[in-house]
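*Asks:* Take a look at the letters that make up each chain.
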Amino acid sequence: MRQRTLSWLSSRVTGASNKDSTDFHFLVVLRSIMTKLLQWLLGVSVVGLAWGLLTFDLLDLQLPHAYREVVWPMPVYFLVVFGCYSLATVGFRVATFNDCEEAAKELQAQIQEAKLDLQKKGLKF
Amino acid sequence: MASRKSSTKTRGDNDKYSVLLPTYNERENLPLIVWLLVKYFSESGYNFEIIVIDDGSPDGTLEVAEQLQKIYGEDRILLRPRAKKLGLGTAYIHGMKHATGNFIFIMDADLSHHPKFIPEFIEKQREGEFDLVSGTRYSGNGGVYGWDLRRKLISRGANFITQVLLRPGASDLTGSFRLYKKEVLERLVEQCVSKGYVFQMEMIVRARQLGYSIGEVPISFVDRVYGESKLGGNEIVSFLKGLLTLFATT
Ligand SMILES: Nc1nc2c(ncn2[C@@H]2O[C@H](COP(=O)(O)OP(=O)(O)OP(=O)(O)O)[C@@H](O)[C@H]2O)c(=O)[nH]1
Ligand SMILES: [Mg+2]
Chain A
1 MRQRTLSWLS SRVTGASNKD STDFHFLVVL RSIMTKLLQW LLGVSVVGLA WGLLTFDLLD
61 LQLPHAYREV VWPMPVYFLV VFGCYSLATV GFRVATFNDC EEAAKELQAQ IQEAKLDLQK
121 KGLKF
Chain B
1 MASRKSSTKT RGDNDKYSVL LPTYNERENL PLIVWLLVKY FSESGYNFEI IVIDDGSPDG
61 TLEVAEQLQK IYGEDRILLR PRAKKLGLGT AYIHGMKHAT GNFIFIMDAD LSHHPKFIPE
121 FIEKQREGEF DLVSGTRYSG NGGVYGWDLR RKLISRGANF ITQVLLRPGA SDLTGSFRLY
181 KKEVLERLVE QCVSKGYVFQ MEMIVRARQL GYSIGEVPIS FVDRVYGESK LGGNEIVSFL
241 KGLLTLFATT
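If you read the sequences in order, they're chains A and B. Numbering follows the working numbering, with no gaps: position 67 of the first sequence is 67. Numbering follows the working numbering, with no gaps: position 59 of the second sequence is 59.
Calculated directly from the structure, the hints in this document are not laboratory data. Note that the coordinates shown come from a computational prediction; the quantities given were computed from them, not determined experimentally. Check the hints yourself; a few may be wrong.
[Unchecked claim] Short derived list, chain B residues pointing at chain A, Cβ under 10 angstroms: (1) N25; (2) E28; (3) G143; (4) N234; (5) I236.
[To be verified] According to the in silico footprint, chain B covers these stretches of chain A (three or more CB under 8 angstroms from chain B): (6) 48–61; (7) 66–75.
Just so it is clear, CB atoms sit at the ideal spot from N, CA and C, and this is done for glycine as well.
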């Protein structure tokens, strides 16, 4: 059974890809069988679990109090940082979105040229 | 098919490029895009054919296409019309069945996608042996013309969210100026279920999922000069629906 699952996995991974076998890797397998939704859920639960363990010291690691003070507001920090990063990135990209004036002018000129040439070739518009 | 086999190891001179041009009411644009295609293919010397898939346009696009076929020859311009408007996704599938090239270009016929980039797509593909090359408005010298701030913001915002959620490994998911190896496109079309606007997005996300390699070429996107947009309407809603569907299923 395990054998079969493994070979199914590897065929699923290597089936379409003609890259070298170094690509055959645990994470690659995960990526190909999990939907993006599941990947996100997995990621969030792993991080959430780690956060819970540290904040409530569930493993009884007897971490210094200062550690826990730093760890527990982490999710909020993270959200704020990510929000700022998103806004900054999108803002920057909107501001620097190329306006292709040249391309539009070139196209206009070529349209005129094409129309003349096509008329010569006998096209009736 | 010999050409099919050779397509994995590119032997330059055997390559043939089939350009799929779906049209619906593009009477004014079609002669111009064809003229430009012929110009750039002839200048660069690649072998090509243009397949026009017209969906019974009431403005007589097909009649113009027939004239173009007389001018440029039946080996260059192929007409594969359908009786009524059946949508963009199936137009590609229909056109692809008749393609004789080992590579396929997909582009809009409304002059938003300029054929001058075609040699760059081909060079890029050969340089990295890519399975598909996608035009991108969002990186390098890519860009747009005729977009106001609002449209730029929506476009950039939507693209950012998609990048975060799907990590697709390509910067322009909704663009539809692309070059595919024929067998890759056939495989992808088999896999893709969505219709219309989301189709382009699904194609590239699935390509990534299947392990195909993707190259990118920056393109300038000039808003259509003639004719009306056929999509539009609830673009944002259909985009979000498509995004969530892909998020849950790929
Ligand atoms: N055969 C066929 N072609 C279509 C159909 N709908 C759109 N097209 C063509 O597909 C291409 C893209 O459609 P557009 O209307 O330009 O869509 P868009 O680029 O999102 O919108 P614009 O802002 O108008 O450029 C054009 O060449 C259209 O003529 C259809 O149902 N059948
Ligand atoms: Mg368009």
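*Asks:* Please check whether I236 (chain B) passes as an interface residue: C-beta within 10 angstroms of a C-beta belonging to chain A.
*Replies:* violated, 15 angstroms
*Asks:* Can you verify the interface hint for G143 (chain B): is its Cβ closer than 10 angstroms to any Cβ in chain A?
*Replies:* Where the cut-off is 10 angstroms and the nearest Cβ of chain A is about 3 angstroms from G143 (chain B), the hint holds.
*Asks:* Holds or violated: the region 66–75 of chain A covered by chain B, criterion of 3 or more residues with Cβ-Cβ distance under 8 angstroms?
*Replies:* Not satisfied, violated; 0 residues make the cut.
*Asks:* May I ask you to test the interface hint for N25 (chain B) with respect to chain A, counting a Cβ-Cβ separation under 10 angstroms as satisfied?
*Replies:* At about 15 angstroms, which exceeds the 10 angstroms cut-off, the nearest Cβ of chain A leaves the hint on N25 (chain B) violated.
*Asks:* Hold the hint about N234 (chain B) up to the distance rule: shortest CB distance to chain A must be less than 10 angstroms.
*Replies:* violated, 22 angstroms
*Asks:* Three residues or more, CB to CB closer than 8 angstroms: is that satisfied between the region 48–61 of chain A and chain B?
*Replies:* With 0 residues closer than 8 angstroms to chain B, the region 48–61 of chain A misses the three-residue bar; violated.
*Asks:* Answer holds if the nearest beta-carbon of chain A is closer than 10 angstroms to that of E28 (chain B); otherwise answer violated.
*Replies:* With Cβ-Cβ at 7 angstroms, under 10 angstroms, it holds.
Of the numbered hints stated above, those contradicted by the structure are hints 1, 4, 5, 6 and 7, listed in ascending order.
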